[in-house]
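Peer 1: In case you want the letters, here they are:
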Amino acid sequence: MMKNAIAELITKMADDELILGHRNSEWTGLGPVMEEDIAFSSMAQDKIGHAWALYRILQEQLDGEDPDQFAFMRAEQDFKCCHLVEMPIGTYDFSLMRHFLFDHAEAVRYDSLQQSSFEPLQQLSRKLKGELKYHTLHADAWILQLCKAGGESYERMQAALDQCFPLAAGIFEPGNDEQGLINAGIYPGEQALYQRWLDAVNTVLVKASLNMPDPATLIPQYGGRKGNHTPHLQPLLQEMGEVFRLDPTARW
Amino acid sequence: MNNQSFDPRVNRLKLGNADEPIKVEEGENWNSYEVFHQEKRGAHHEHVGCVHAPDPQMALVFAKEQFGRRKKCVNLWVVRSADILAFDAEDEDMFANNQEKTYRDASGFKVMEKINKVKGSKAP
Amino acid sequence: MYGGGYIFDEPNKKQLRDEQLHDDPEKLAAFEDRIARGEKIEPGDWMPVEYRRQLIRLIEQHAHSEVIGALPEGTWITRAPGFKRKLALIAKVQDEVGHGQLLYNAAETLGKTRESMINDLLSGKSKYSNVFNYPAMTWADVTVIGFLIDAAAIVNQVANSKGSYGPYCRALERICYEESFHLKQGHDALLELATGTPMQKAMLQDALNRWWQPIMHFFGPPDKVSSHSEKLMQWKVKMASNDDMRNQFLDTYVPKIWELGLSLPDPLLHKNTATGRWEYTDPDWDLFFKVINGDGPCNKERLQVRRWAEAEGRWVRKALMNISERKAMPVA
Chain W
282 MMKNAIAELI TKMADDELIL GHRNSEWTGL GPVMEEDIAF SSMAQDKIGH
332 AWALYRILQE QLDGEDPDQF AFMRAEQDFK CCHLVEMPIG TYDFSLMRHF
382 LFDHAEAVRY DSLQQSSFEP LQQLSRKLKG ELKYHTLHAD AWILQLCKAG
432 GESYERMQAA LDQCFPLAAG IFEPGNDEQG LINAGIYPGE QALYQRWLDA
482 VNTVLVKASL NMPDPATLIP QYGGRKGNHT PHLQPLLQEM GEVFRLDPTA
532 RW
Chain U
123 MNNQSFDPRV NRLKLGNADE PIKVEEGENW NSYEVFHQEK RGAHHEHVGC
173 VHAPDPQMAL VFAKEQFGRR KKCVNLWVVR SADILAFDAE DEDMFANNQE
223 KTYRDASGFK VMEKINKVKG SKAP
Chain Y
105 MYGGGYIFDE PNKKQLRDEQ LHDDPEKLAA FEDRIARGEK IEPGDWMPVE
155 YRRQLIRLIE QHAHSEVIGA LPEGTWITRA PGFKRKLALI AKVQDEVGHG
205 QLLYNAAETL GKTRESMIND LLSGKSKYSN VFNYPAMTWA DVTVIGFLID
255 AAAIVNQVAN SKGSYGPYCR ALERICYEES FHLKQGHDAL LELATGTPMQ
305 KAMLQDALNR WWQPIMHFFG PPDKVSSHSE KLMQWKVKMA SNDDMRNQFL
355 DTYVPKIWEL GLSLPDPLLH KNTATGRWEY TDPDWDLFFK VINGDGPCNK
405 ERLQVRRWAE AEGRWVRKAL MNISERKAMP VA
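Chains as they are written, first to last, in my numbering: chain W, 282 to 533; chain U, 123 to 246; chain Y, 105 to 436.
The following block holds chain W by itself, in its conformation from the complex:
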């Protein structure tokens, strides 16, 4: 029972990272300035790397499938990623804001996993601590600078925040058997993480003079964790598996 719940937790975390890693990697070679192109690409690679590490935990500890098969050949409804990560890259304001909101959520989640009673997640979260620190440092620096610049730049960031926020709240869609995971000390549960995340992003948003949408009236965009997705996911999955499907039995 607990095994299924842990697998579900890891699957949704990994799917988020896999899909957002793919989205963000689309900027490689197309970024606003070369230095940022390089930095953003590194973080996209990190995300895909995190997904790989999580799928390996599934495979090695929880009788899961081969990570390549699981990541690139699964049907859409079996993906448990949230809607935020599925959206196309849009413009750089959208991509940066998504990166800021998602990476703080990731940081809060991995931080809590450092106390997890599930050893493999505890080890992974300790290993990734430094990487995530850079991701949020990078995101915070951009948000602050683009907002302090004022004018069009500030307006773009506020609009991106308004667009992303309900999607980002969807990261914390409650899972099945969450109480079981909380009781077993696997992780603190989505509600607790959501509160910590609100605190973390709010600190930066205040410094940036951005208006955070009121969580009390917000309607989070749920559904991804249940396998209901936006129309943007299927074409991306199609692309991700395109070469594999030419001959699923071959080595690539």
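Just so you know, these hints were derived from the structure itself, not from any lab.
We treat Cβ as the ideally placed atom computed from N, Cα and C, and that holds for glycine.
Among the clues, some could well be false.
[As the list claims (entries may be wrong)] So the derived list for chain W, only partly shown, Cβ under 10 Å to chain U, looks like this: (1) Glu307; (2) Leu418; (3) Glu523.
Take the given structure of chain W and dock chains U and Y to it, following the hints.
Peer 2: Frame of chain W; chains U and Y shown alone:
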């Protein structure tokens, strides 16, 4: 664009206006910062190149990935290129005679010769 | 990834040749002595006008080739099969951007700003390696680019890294180090196809057939028609002739393709054991010049994508522009 690209990313971009000429303004790629890389604790920071950035903080954020993503690195410095003061290349001759000034060098002092001489004169 | 392979001439060449006559003969002699002794030239040093101009042209084209070179392989980032190939490909394309960054910095030390180099790329005034005007149609193309084009680039860049201009040599040192990863991952991915299913082998053979001519074009026209002056060789701006580099490439890499049971689409391709030189069918040089001048399969798309990226990123750059700040070129 009329034709489909082989790149699905490109097909998702709205290339509609991309035929219009675009000119990047001078200064749009910001300012140049020199980057110094420390390979391990206790080692000197060594110059490895530069990044373009709008301010020192962003220069550091950028330098971390452009100069710290592969080889071992524990710290980086950045400094505005405009703040580097150096001698002119043609002033190289100021350093030319360093090698001859052996009084600054251990090899310039023949201590053992003197000791041996002293020892030799005391011999019975 | 990619050395320009071939430095394209600009129309105003003649005019600047005249300016060169005004170089102080004493300084010129000292400069040439220094290069002959194997010393490097650094940004603050006196240098002939023509040396500076040729270097800017060479390094700038090299930088553009990296930036544009990120596009054909970028085509396959979302589709790369499996975690290992995926991460290696993104890291490789990222390196190309990183190489462009290093090279623009090296060129800036000579006095041309990054902005003005980008503008010359966007307007078509400045060229980039022709090989990137061809599309990467299948996954196998990515493996051929990763192995053979990177190999060709390494031949070129290793030669250039022994040149006379310090900042360019230092950039190339780091670039060559990273290229060894590119070559290895390209070779590995190509081997997977070469030793795979019949469908994979056929896919690879197709890609080799498509890329062979662009690869033969890579090092530029044969020495007998190439107009590069001996001056550039003497100044160690150009380090090896086009034919010599091509021969070195063929010598190392053709056997590596043949040993896999793959073929190259040139019945005349063989090594003349008497001369030690490779012989081959001359590639279509008219086509080469046609593609340089904008008529290749992807010229238009490549520049459109670059224009899109510059236009899309403009508000970000402008928001953080600081006009009052004291500015300088990179110092080394």
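Peer 1: Does each hint fit the structure? Answer for all of them.
Peer 2: Here's how the hints hold up against the structure:
Using the Cβ-Cβ criterion of 10 Å, the hint placing W/Glu307 at the interface with chain U is satisfied: the shortest such distance is roughly 5 Å. Residue-level restraint check for W/Leu418 holds (minimum Cβ-Cβ distance to chain U is 7 Å; threshold 10 Å). About 9 Å separates the beta-carbon of W/Glu523 from the nearest beta-carbon of chain U, less than 10 Å, and the hint is met.
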